[in-house]
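Peer 1: Protein chains in written order, with full-length UniProt numbering: chain A, 1 to 212; chain B, 1 to 212.
Hints were generated in silico from the structure; no laboratory data involved.
It should be emphasised that the depicted structure is a prediction, and the values quoted were computed from it without experimental measurement.
Chain B regions said to be covered by chain A (calculated; three or more residues, Cβ under 8 Å):
| id | segment |
| --- | --- |
| 1 | 64-72 |
| 2 | 75-86 |
Sample of chain B residues with no beta-carbon within 12 Å of chain A, all distances over it, derived:
| id | residue |
| --- | --- |
| 3 | 22 |
| 4 | 24 |
| 5 | 25 |
| 6 | 32 |
| 7 | 42 |
| 8 | 119 |
| 9 | 130 |
| 10 | 166 |
| 11 | 175 |
| 12 | 186 |
| 13 | 187 |
| 14 | 196 |
| 15 | 200 |
| 16 | 207 |
Chain B regions said to be covered by chain A (calculated; three or more residues, Cβ under 8 Å):
| id | segment |
| --- | --- |
| 17 | 99-107 |
| 18 | 131-145 |
Heads up, the beta-carbon is just placed ideally off N, CA and C, and yes, glycines get one too.
2 protein chains.
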Amino acid sequence: MTVHGFSPSGNCHKVRLLLEQLGREYRWVEVRSDDGSTRTPGFIAKNPNGKVPMIELDDGRVLVESNAILHWLAEGTGYLPDDPWQRAQALSWMFFEQYSHEPYIAVARFICGWTPLDSPRRAELPVLRERGRMALAVMERHLQSHDWFTGARYGIADVALFAYTDVAGHGGIGLDQFPCVQAWLERVRSTPGFVPMPAPDTVAMRRIDESG
Amino acid sequence: MTVHGFSPSGNCHKVRLLLEQLGREYRWVEVRSDDGSTRTPGFIAKNPNGKVPMIELDDGRVLVESNAILHWLAEGTGYLPDDPWQRAQALSWMFFEQYSHEPYIAVARFICGWTPLDSPRRAELPVLRERGRMALAVMERHLQSHDWFTGARYGIADVALFAYTDVAGHGGIGLDQFPCVQAWLERVRSTPGFVPMPAPDTVAMRRIDESG
Numbered sequence: 001m002t003v004h005g006f007s008p009s010g011n012c013h014k015v016r017l018l019l020e021q022l023g024r025e026y027r028w029v030e031v032r033s034d035d036g037s038t039r040t041p042g043f044i045a046k047n048p049n050g051k052v053p054m055i056e057l058d059d060g061r062v063l064v065e066s067n068a069i070l071h072w073l074a075e076g077t078g079y080l081p082d083d084p085w086q087r088a089q090a091l092s093w094m095f096f097e098q099y100s101h102e103p104y105i106a107v108a109r110f111i112c113g114w115t116p117l118d119s120p121r122r123a124e125l126p127v128l129r130e131r132g133r134m135a136l137a138v139m140e141r142h143l144q145s146h147d148w149f150t151g152a153r154y155g156i157a158d159v160a161l162f163a164y165t166d167v168a169g170h171g172g173i174g175l176d177q178f179p180c181v182q183a184w185l186e187r188v189r190s191t192p193g194f195v196p197m198p199a200p201d202t203v204a205m206r207r208i209d210e211s212g
Numbered sequence: 001m002t003v004h005g006f007s008p009s010g011n012c013h014k015v016r017l018l019l020e021q022l023g024r025e026y027r028w029v030e031v032r033s034d035d036g037s038t039r040t041p042g043f044i045a046k047n048p049n050g051k052v053p054m055i056e057l058d059d060g061r062v063l064v065e066s067n068a069i070l071h072w073l074a075e076g077t078g079y080l081p082d083d084p085w086q087r088a089q090a091l092s093w094m095f096f097e098q099y100s101h102e103p104y105i106a107v108a109r110f111i112c113g114w115t116p117l118d119s120p121r122r123a124e125l126p127v128l129r130e131r132g133r134m135a136l137a138v139m140e141r142h143l144q145s146h147d148w149f150t151g152a153r154y155g156i157a158d159v160a161l162f163a164y165t166d167v168a169g170h171g172g173i174g175l176d177q178f179p180c181v182q183a184w185l186e187r188v189r190s191t192p193g194f195v196p197m198p199a200p201d202t203v204a205m206r207r208i209d210e211s212g
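Same shape as in the complex, but just chain A (with noise of 0.2 Å):
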């Protein structure tokens, strides 16, 4: 299987993340997100919405959508749930996490890194915040009575809200107000087969810094 992603991305990491902890072999092709390699002739043929991350089997068959990528691969492992119903709830924050979570948390990262200082679309900053800070409210309140958010063991819903939540300060987003989450972020590091996401490069890094 090949996965084509963008290191840095947190929707590309969830795939990482996932394959490194089932253990399978897989080979890593490193596509840009931020300078229209996701949108050449050859990519847009493969995956029309041009978006990372996305898999590749060796027939040539591919599948895209970090979270729907997720759920296959832990069909029938231990990182999805055989209960119908705490299946449906992992599904459900995994639908929170690309509606509600990373539109706000990994955009506003997402400014910070990969645009000049300069950019027009840091005046979208505050707003970003604000929501980004709503989502992790609404993580903290499930965290208050439950450990993970696929049923009642570590899953795909946590690797798929993990991924951004753990570099929200990218974006300028603290989890200081947010203990239960920083604590499920230290649970969730500690899980077995763990893997960090790789850190921006020195470029993104300077300009996450300078973005205050």
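Keeping the supplied structure of chain A fixed, place chain B upon it in accordance with the hints.
Peer 2: Same frame as chain A, but now just chain B:
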């Protein structure tokens, strides 16, 4: 089962459409999402994310996120394939819908119909419409060689994508350039048990008409 939903919301209508097609009994409780009704303490206690649709079982358990609800309802029925790869592709389209389609096509419609004609949010419409057309182009490309989004048969990915595509015009996004999308909409309307989404009320329809 009780469905808490706002009738002219595509996300809510998805649940109604599938329940009707499955022949399931349910109670519909109207909850407007444009007047704060999903942000009351009573509602937030059930769904901290403050959104409809929400289904509530007779024992009080709740499930949120429209596409997670569809997936749970469809499990074991003909509206979700058995084949793991087809299931994964269906789920991929459902994440596409929530990330790359709904935030543009549904939000453009919401701004046109449910915000005042002088709302500053109307400045967002050109970008929303452009990105909505990009999502429709991705669908058009798929439909040039496939009849459905849920594997070989009509199913929940079609339900998910139908909801807002069918009313894209309310947000000023025409379908003239997308003949395969138009033909697919007609195929969906011809499926057994199909029910159309209730029309917006007269205030919303007048605003839509005046939004050009």
